[in-house]
Amino acid sequence: MGSKFYKEILPCTKERQVEAVYNKGLKLYFPDASIEYPYNCDGYLESNIIYNKKKRVLRLLLEYKYDEKLDLKTYQAKVLVQALYYIKKFELNGEILPNVTLIGDKNECFVLHTNDINRYLDADVDWSIAPSEAADKCSNLVLKIVKDEDINPFVFKIDNNFSFKEVADKIKALALNIQRLVRMTDQNIAKIYDYFITKVIKEIKKYNANELVYMFIDLMISPRNNYKHPIKKNILVLSNGNEIGINGNHYDAFFKHFERKYSPSEKEKFTEISDRLIEDTTRRFKGEFYTPTLWADEAHNLISSIYGADWKEKYIVWDCAWGTGNLTRDYIFKELYCYCSTINDGDLKIGSRYNIHSIKFKYDFINDDIDLLNGAFLLEEESKLPEGLLSAIKSNKPIIIFINPPYGTAGSGGAKGSSKKGTANSKINKLMKENKIGRCSEQLFAQFLYRILLTKKVYNLTNLNLCLFATPIYMSGESFDKLRKEFLKEFKYECGILFQASHFADVKDRWGISFSCWSSGESINKYEFIHDLKDIDSDGIVSFGKKTIYNLDNKIKCSDWIREDTKKQQRKTVDMPQFITGITFKQKGNGKALECSLGYCVNSANAVYENDTYVYITSATSCKGHGVSITKENIMKVVSNFAARKLITGPYSTWQNHKDEYMKPNLDDPDYAEWNYDSLILSIFNTSSNQSSLRNIEYKNKKWNVFNEFFFMSMKEISELADSYTNDYVYNDIKNFGKERYVYTLLRNVDLSNEAFEVLNKAKELVRKSFEYRDLFNEDKPEYFINTWDAGWYQIKAMLNEYMRAELSEFNEIYRVLENKMRPMVYKLGFLR
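End of the sequence shown = 844 in the working numbering, gap-free, step of one.
For the record, the hints were derived by calculation from the structure and aren't laboratory data.
Here are the simulated lysine-lysine pairs, DSBU-like style, with alpha carbons at most 35 Å apart: (1) 832 <-> 35; (2) 447 <-> 578; (3) 158 <-> 80; (4) 775 <-> 635; (5) 168 <-> 558; (6) 537 <-> 493; (7) 373 <-> 280; (8) 243 <-> 278.
Listed next, with one range per pair, are the computed distances between beta-carbon atoms: (9) 138 <-> 161: 21 to 27 Å; (10) 129 <-> 28: 28 to 34 Å; (11) 143 <-> 759: 43 to 49 Å; (12) 305 <-> 270: 21 to 27 Å; (13) 138 <-> 28: 28 to 34 Å; (14) 817 <-> 106: 30 to 36 Å; (15) 346 <-> 233: 41 to 47 Å; (16) 305 <-> 624: 30 to 36 Å; (17) 104 <-> 154: 24 to 30 Å.
Since the model is a prediction, treat every value here as computed from it, not as a measurement.
Each residue gets a CB set at the ideal place from its N, CA and C atoms; glycine is no exception.
Could you put together the complete structure from these sequences and hints?
In structure tokens, the structure reads:
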């Protein structure tokens, strides 16, 4: 079930917003309590709890953060010291002390009985320090709590499976001083197992799926046979004598939270479920997804709406990526009409007790029955297919291929964003490359699509239908354009649903999964595919709107538009320092800059999903590559594209728009000119604006000077500031490298919007006010090269963060006003739809 708490906290960008979400949850489960703020703490509430006909009082101290890595002991200790200082204030004022504390941020939270920390109330520290500063000024106290082995709170991970009720129950249990352990069931075992292998086990990649599941099940049902090593810290001794590395604090917290006493029948049930855990873990490592039953049911309903309620009796059904069989194993098909194939022998063994009337067989869908020499299939005498399925294909019988194919790549990406080198190597992959299908040939699910497409074409099948779960990128992504062109000639889009990927096991929530139905025939509309948006609430799966997945096969992509001018110039490219951040660089990388470039803009992919990480500007090139040189001819296009991408990040980059592609905007819109200069200002001060100015750096055994052509003030003003503050370095830097920077000259005769003007004006004010700190900052952090006259905002911001944090916060608020004004224009101007 989707977590309402998670959905509410996900868009939060500051601590106060996080606090509001938590307080809403507390008021739901403690309706008699009002939240107060004694001693300026983040909150305190009292609530009456009835237990065994006796009334107990909960006194809950609240402490909230935005993002503090609360699953790590050091960060826990720092926040607990702050809580301890508030408790001390209660004590010094003769009040009853809080008995429970809740520590929460956007990603995690934990609950602790204050008895665990109250023994530190007698510590020899300066109790007059403000609680917010206590952790920084009382490092010894922090260290003591870090080393305290009795302080091991269970940390709740806030994701789509999070339940605030579990937190509320924990609070009540601690207040009542009772031990309430969570029992493992077949419904929650996967969630508990996931916590175990990610939090407790160190270096999980050292173990295979069977070993991880064995450790987990054995620990849960045979607690006496497994124990922490009495001498070796963070070592667990298993019942088979093996020793493994664990996070001892998380281990202790885990078994203070979960029950370990079960009946023989329950233990037997867990052992049976271990098959599923093993297969799910294997697929996690490979980038394959386990399909929850609820979504399998929804898929069956959608298929019935297109192909009739009796489709299981009328169509041959082939799941050629069977895995654990969730798409078909709980359903009744006409005898010998359901075929299930998998590459894994283990799948067949586990699945032998499911759906006994189906035909199950081992088959490598992207390698078997393919003759590379002739580029054809061998679906004849040498075929590995069952006779009935082969006959159905040759006879052109009505077939539905019903799959949730693996999603992984040979490069970075895939289910978990990690490299899967070699994963995509297959015979189909080679055929796709030979036929120039493009970059999507590295995607495993694209290879499944291509194999299905070729089967249909080679055997002239007129009633081959495809129903699949997949990321919708094959309908929208630019790397799929060649495959899409062929696919849409053979398959007609019928309908689809789109839901958040986190409804699948161990899949991130930032993107969506589509389930769609495709019949034989050519798609009429090859550019738009309307999906019903789906989610889960207490009533099950519900619809809440429509989403059009679109591609730009008939439009100009924004990534092409910003390159038009540089392609026309046909200038020579030159090697330059390969930047990672504004001040760090590599000696080699993928970026190539045009001669006389003003900078370089990384513009990876052309879709929303790369906006947060791989869209940024540097003053030279980037080791990432995937970008475009910024020149006088294209700078206004580049900043326009940059703004359109950076405005759709964070909470504005959602699973619904994750795969949306950017297109050339409507330049004739009367608001475009103002937007364009707003974009120029945004591109100077964005957190991904890494423009910088460095001197005498060494790159490939040569000395380099890097200039910031995005600097926004004149040489004269900076020279006067240097003179006024006796800064010889900056003054001489102008003498040596003085030339008005391009963006400054561009802005001289422009009437900016009020919002853009406020940002630029405030930035200039901060440059002037902070000038006195330049020498000091340069002494502490010379790597920032702050004494270059055209130092970029990346460099200046670092100095402001040290000495003028309040003023920087003021600037950020003004900058956010500009962002909020511009964001709706991304859609109005047609960058996205």
